[in-house]
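There are 4 protein chains.
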Amino acid sequence: MNTFGRKFKVSIFGESHGEAIGVVLDGVQPGIPLDIEDFTADILRRKSGPKGTTPRIEADVPEIVSGVYNGLTTGAPLTILFHNRNTRSGDYSLFNAVPRPGHADYTASIKWLDFNDPRGGGHFSGRLTLPIVAAGVVAKKMVTARIHAELIEVGGVRKRGGEEALPDGGIEEKDSWREVLDQAMADLDSVGGVVECRTDGLPAGLGEPFFDSVESLVAHAIFAIPGVRGIEFGDGFAAARMRGSEHNDPFDKVVDGGFQKNAIPSKNGAGGVNGGITNGNPLVFRVAFKPTSSIARPQETFNFATGKMTTLQIPGRHDTCFALRTPVVVEAMTAIVLADLSRLL
Amino acid sequence: MNTFGRKFKVSIFGESHGEAIGVVLDGVQPGIPLDIEDFTADILRRKSGPKGTTPRIEADVPEIVSGVYNGLTTGAPLTILFHNRNTRSGDYSLFNAVPRPGHADYTASIKWLDFNDPRGGGHFSGRLTLPIVAAGVVAKKMVTARIHAELIEVGGVRKRGGEEALPDGGIEEKDSWREVLDQAMADLDSVGGVVECRTDGLPAGLGEPFFDSVESLVAHAIFAIPGVRGIEFGDGFAAARMRGSEHNDPFDKVVDGGFQKNAIPSKNGAGGVNGGITNGNPLVFRVAFKPTSSIARPQETFNFATGKMTTLQIPGRHDTCFALRTPVVVEAMTAIVLADLSRLL
Amino acid sequence: MNTFGRKFKVSIFGESHGEAIGVVLDGVQPGIPLDIEDFTADILRRKSGPKGTTPRIEADVPEIVSGVYNGLTTGAPLTILFHNRNTRSGDYSLFNAVPRPGHADYTASIKWLDFNDPRGGGHFSGRLTLPIVAAGVVAKKMVTARIHAELIEVGGVRKRGGEEALPDGGIEEKDSWREVLDQAMADLDSVGGVVECRTDGLPAGLGEPFFDSVESLVAHAIFAIPGVRGIEFGDGFAAARMRGSEHNDPFDKVVDGGFQKNAIPSKNGAGGVNGGITNGNPLVFRVAFKPTSSIARPQETFNFATGKMTTLQIPGRHDTCFALRTPVVVEAMTAIVLADLSRLL
Amino acid sequence: MNTFGRKFKVSIFGESHGEAIGVVLDGVQPGIPLDIEDFTADILRRKSGPKGTTPRIEADVPEIVSGVYNGLTTGAPLTILFHNRNTRSGDYSLFNAVPRPGHADYTASIKWLDFNDPRGGGHFSGRLTLPIVAAGVVAKKMVTARIHAELIEVGGVRKRGGEEALPDGGIEEKDSWREVLDQAMADLDSVGGVVECRTDGLPAGLGEPFFDSVESLVAHAIFAIPGVRGIEFGDGFAAARMRGSEHNDPFDKVVDGGFQKNAIPSKNGAGGVNGGITNGNPLVFRVAFKPTSSIARPQETFNFATGKMTTLQIPGRHDTCFALRTPVVVEAMTAIVLADLSRLL
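Residue numbers (the working numbering), protein chains in the order written: chain A, -9 to 335; chain B, -9 to 335; chain C, -9 to 335; chain D, -9 to 335.
Pulled out of the complex, with its shape left as it was, chain A reads as follows (with noise of 0.2 Å):
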């Protein structure tokens, strides 16, 4: 379903070319100030830079449907809707015939029967993190917690001066990612990349042992983003080469003369969780991003019309690398997540 959360609950809704997209956001703490403002920011951090971001431009503004009172949230369910301004039909129905190589088409097509709308990618489109955005504005101010993804790596590049040297080696640093970014438009081509996601000032005892750790849900939420191929909390994959000597978490730091709540382990390689609940320590992930799927490189695919291999060429301008707007998506979905959790607590 399209529905998140057990007391702070998210559904999203439309399609990319439909009538609006949209999100329902119902458990919205009471009294909480809201504006059209609010959202400009996230917004704008989605949209990204000149190079790599996807042509298409939208208004984008949100219309706050219900929920919001005198510029305060209600507590009933807050609605908000982006109207779809900026809609090409025609440019996919090609895609029914030749589904995109690492798109949707197809499986939405096995899932819906056909009855899927392929324009523009329709329900399954990217655009759809536009009201998961706006939801995590609303979380945000839910939480008192600190949430802040960056990039931190592009095509294989990894930002100079950021993060510590991951154990796996082989990663190039440079300067900035202009030359990747460049290289792989002059080669019709994309690229992925990695984002973190650091939250402080968590309190320890959110999530649940088992089926809803905090690790779960944040997984949970994550891989509902389009594209995202891994996740790892902490030492993450590296941990699985560590010894438990190296890797374990010991408890070293007192706070405010030892008092036991404000005790929280030194290192942490375990991104802020112990057996499922938050220990004190910042909430620490990283995401794959993988590379855009429509890229303007002709490929050789299946034509299911002629029952015979084809070549496609995806017509239009291309993101060379979605990763780069997605740290505010990233960021959204974690103030989803910890907003319900918080509720619960």
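It should be emphasised that the hints constitute simulated quantities derived from the structure, not laboratory data.
The list treats identical chains as one, so a pair stands whether inside a single copy or across any two.
Listed next, the in silico PhoX-like pairs over lysine-lysine satisfying Cα-Cα at most 25 Å (straight line):
#1 Lys298 to Lys257
#2 Lys37 to Lys149
#3 Lys(-3) to Lys131
#4 Lys37 to Lys131
Given chain A, put chains B, C and D in place with the hints provided.
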């Protein structure tokens, strides 16, 4: 909560040193033959080999309390119990004051206000994977797909002849993991591992876009296993370092004369899922397990009773690499997700 | 929460005098023809006749925002909006200090800390039954059963020629309810009513024992309609006054030569459900609606601002009997439950 | 499914003549004292008096399998088992061919394809109310409100000195129900009854508008009890025959000097709920139980094996009025709902 699933619901309960641990399965298909012997193989796999295993010996014979009549599932909730026998209480009182690094001792005491059962990790014990394995045995009977998980890496050493070398380079390949385990044991330390799970024979069309994507559900269930630090599907984190032309799965395989439903992408960089929905390819993912937290080696950590650092030596014998015992747990979780998705189809 | 259903999920939102009210339907079957005109009949039924109705006139034209493409449902979440037009703000500020007897003014202010939108009842308005009716229109298309609800009693007067006399005796039967309504109107007062809902053509086997019994789910949905005071299935409360020999439904009807699946109990004292599961008989239940809370007559009640009793005269024209407009809402809720159960079968 | 609740989750399992029946409670507050003796009183109430009860004698001693440590709840899932002892298998094979009127024999066989355990009603047995009563014992400890249910009517005879006469007239009032029960027994027949449940001391603000209204949740849980035919809140069905001026609850009671939170409606026609949310008044509802289905009297019904009508005489001794034993079950269900709502507050 300790419950997972929408139409096939799994609820686990119990503490390591309590009366019993167990699982309730709601939504089991009626008419499935089920016998105590059906559980033996998977329960034994969870016990693993002589070295690198936990020393505690349990009979681990499942008791079917409800939901089976005349050797067939009835459709009513199916409850399986495992009585705890070899319970050594008294070993664990120390950990209230000195929570073990890497364990849930501390977070459990925050979450449940010190009322947590501390014996053997209580409800947070890895022993709770036993009812999960039992649930997996039933779930596997509910799906026609073939689920297989195996260890592909231990302590940073790749299995020779296993998967193609991952693109991150520095992993050694050896004939066996004996040496790695022996060395860790000699050092009174522990190692982690990576498990790969592959499911063949899945129908296309399972899962939903966004929040109930196959990856979301699988990752949710997998992170409910204690000790998981990361999960990746298909090309995984490596995808973030690929070009789109390299990662995309073009359709090029036509089975049975080209009927659409049989066409599947020839590569499997997506791990069998597009847009959150299975595409007919094998579902492939990898899971990173941290090194065992309990090590024989003394660790410097904080004593909450004295307010000072202390040297903790965890008594008893220790598992050198609990990851050795996890492939069957990963299989079980996968089966639980797929059984639910199949019932919802 | 404002969400109902497991596989067919209905989420409603909006406030009476806000921008719009609406509904998101997740899990709609793909390929169902759906047009704006499909909603007209049921929306008109909700508006009911000239007397005893609310004076507010709304165009009430649904706007399908998502989930329909080329006149067919796509399988993606289907969102329907109704824009509010005739919103008279300013009428309602009084009710913060003097909550109207029988309304949610007081409980909303407790629940949502006075941030509730008070205009027209805000989210608690009976106007929210409009998106429910719209959801019902879609749900009815997802089930083959024929659902019909009608008013059988108004202001204590039974419809002549309707159901057999209930065993509780004292109900008058009249040719019409005109007189009852006129008298209530003349007295500046309101009356309640009883709606009966009957569903024919249901397959046997829907529902579950215990917590997801058909009665549990139907009652859950029905009590979500504002103003419901009771529900009873089959013989209902009268069953409590029957002997077992009288109430039991013996099997005695064999259709199509006695094939087991067609055998159904000849009486229908159980209202079509045994052990929580449909038995193939019509599903029959009755719903009691209270008299309209808003009456023109002055009422003595408490003024929270002054701390004294006061005489409240609710401004505006009033609905003499909102129960007249509820049969279509009852049908909608029934359809929502049955669509969900059908998808889960 | 056999699970109820969002934050306090109750899952029941077991068959009447299987190994054991039981319940898992997830989300129990940690630190609640809990002892086997705590269950005795409610379990005895469920057994009720000498006449009109089921002849089967069970020790019915709960076994706490998990979730309690040193006499206190831990916060982990709490599992309670009741082993079945006096199981007379072989009594029930007849009912495959000749499903008992009023029982779930037929619908179970449709639902679960004849794999249902037929012994003693299997999972559909009224014996499953025993784990519900046990869940209620724990739930009652989680809420501060005082929940009390009692029988107010048996076989159409109202308890003298009980509630005010309901407006439907024809109910006799007698000094005791002895006569009614004796007569039914002599006639080899059974009678039904009405239970009233009243909860005092509830905070205002529990519940949600629409789908999670208090009435929706209570009705959902109550209809999970076998044999329920109707439920009504406050004035109930009688409200449908009242004028608004008569049914409305004006605010007129000011406690402790008029502080708003203590002001509550003086009448209680709404049964303690407005707009789905508790208003601080007692929660009051009534439940109609049908007469016991199993009667000693022979019944004409259909034999599915022969395809002909047959005379069925159900062997064994029978409960003349199982409603006598239900008040404690109604209390338990109410406590389960209120414990969940309290945890969600």
